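Here the protein sequences come in this chain order: A and B. As numbered in this note's numbering, residues 1 to 124 make up the first sequence, in order. As numbered in this note's numbering, residues 125 to 177 make up the second sequence, in order.
Think of the hints as simulated: they come from the structure by calculation, not from any bench. Please read these numbers as outputs of a predicted model, since none were measured by experiment. Built from N, CA and C at the ideal position, the CB exists for glycine as well. Hints are not guaranteed to be accurate.
Some chain A residues near chain B, calculated using beta-carbon distances under 10 Å [stated by the list, open to error]:
| id | residue |
| --- | --- |
| 1 | Val35 |
| 2 | Glu66 |
| 3 | Arg88 |
| 4 | Phe95 |
| 5 | Lys99 |
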Amino acid sequence: MMNTEVIAISTDSIYSHKIFMLSSPSGRQINFPLVSDRTGEISRNYGVLNENEYFAWRGAFIIDPEGKIRAYLVNPQPVGRNIDEILRIIAALQFVQGKDIGAPAGWVPGMPGIPVGWDYVGCY
Amino acid sequence: MARCFDIGQTAPDFTATAIVNGNPNNPPEEISLSQYRGQWVVLFFYGSNFTFV
């Protein structure tokens, strides 16, 4: 659909991942790669490693087909992510790509973009 | 905590062990972030299996 791969990652061991996928209701639904960052190196490189307790904060990173980070959002621990917002950002990035338009606040797929550029300075 | 990137910069590559294809009965494989070039990727970190939110 949006040519998007989802990859999940935690500092759990790969063994923990196996049992999580076999036994937990949420784990059984996982149909994308589940990575083990046992050493914490990847989490540290992305700035989400809790060095005291050695787990990763709840960070989501949107990476484009050229491998560039386009957006990231780190949630508080008790608050789950809003998947709709992550998908909305990807849809908006794809929508404005190669065009002189922007996706204003509240944009959702189906809405027009707004023209940007020198002629539009002060118009919004 | 220092991130070694900013918006628009290359995401840090990694190679790590993963259970791919949603099948935990298959042995894990090594995957790299760079093998997903050409696609959009949502890389999401979470704290711990078997916990709550």
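Cross-check of the supplied hints:
no.: 1; hint: Val35; verdict: holds (4 Å)
no.: 2; hint: Glu66; verdict: holds (7 Å)
no.: 3; hint: Arg88; verdict: violated (12 Å)
no.: 4; hint: Phe95; verdict: violated (13 Å)
no.: 5; hint: Lys99; verdict: violated (18 Å)
Checked against the numbered hints above, the structure violates hints 3, 4, 5; every other hint is satisfied.
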